[in-house]
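Chemist: Chain residues, written in single-letter form:
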Amino acid sequence: NAGVMQNPRHLVRRRGQEARLRCSPMKGHSHVYWYRQLPEEGLKFMVYLQKENIIDESGMPKERFSAEFPKEGPSILRIQQVVRGDSAAYFCASSLGRSGNTIYFGEGSWLTVV
Amino acid sequence: TQLLEQSPQFLSIQEGENLTVYCNSSSVFSSLQWYRQEPGEGPVLLVTVVTGGEVKKLKRLTFQFGDARKDSSLHITAAQPGDTGLYLCAATANFGNEKLTFGTGTRLTIIP
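Chains as they are written, first to last, in the numbering used here: chain P, 453 to 566; chain E, 6 to 117.
Isolated chain P (complex conformation):
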């Protein structure tokens, strides 16, 4: 999973601030996924993106959260007006996007809201 790069690895935000998490997929991968892992819980799907398209956002909270994967540059997960409950590890993953293809994860971005 070394090929999927996430930054920052750790981010501290005060309540009400914005958090931006970035993800560069593995070379050649055009499909990106974001997952959230709350303390002591499993990984929960948030959103699945292709370049310039959102394929599936069924796991995204309805408010304050957005994601994009522009034609150029990394994918961005944006959380506006953060609250303490947003504190979690956010993992990005990427794949070639073909059926049955392997999905590789980054090392995560740990968001702490104080």
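One should not assume that every hint holds.
Unchecked claim - If we take Cβ atoms under 7 Å as the criterion, some of the chain E residues that face chain P in the derived model are:
hint, residue
1, 46
2, 47
3, 53
4, 104
5, 107
Hints listed in this document are in silico derivations from the structure and should not be mistaken for laboratory results. Think of the CB as a built atom: it goes at the ideal place given N, C-alpha and C, for glycine as much as any other residue.
Could you slot chain E onto chain P? The hints should help.
Modeler: Below, chain E without anything else, positioned relative to chain P:
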């Protein structure tokens, strides 16, 4: 939403023993992956299985995908302290949508 149940949730055994963890669902999967996650790190892929009945071996780890593609198992032979970690199964349900649904996890501790 499909649910992936893993069992046991926690397992603590002595070094050298064998163990099996399970991943079960009522849904059929198009593919299933096993990951291991260390504290503070992302999940690391161990194996991907696609074909019903498929068996894959990775050194002391043996992975099996059920014939009906609804369940999977991970067997570790002669467990070592380095096997300690959180083991997660994850599956894709639909061809064309590759999002993964993760299991509840098995936290394995190998006692030296």
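Chemist: So which of those numbered hints doesn't the model satisfy?
Modeler: none
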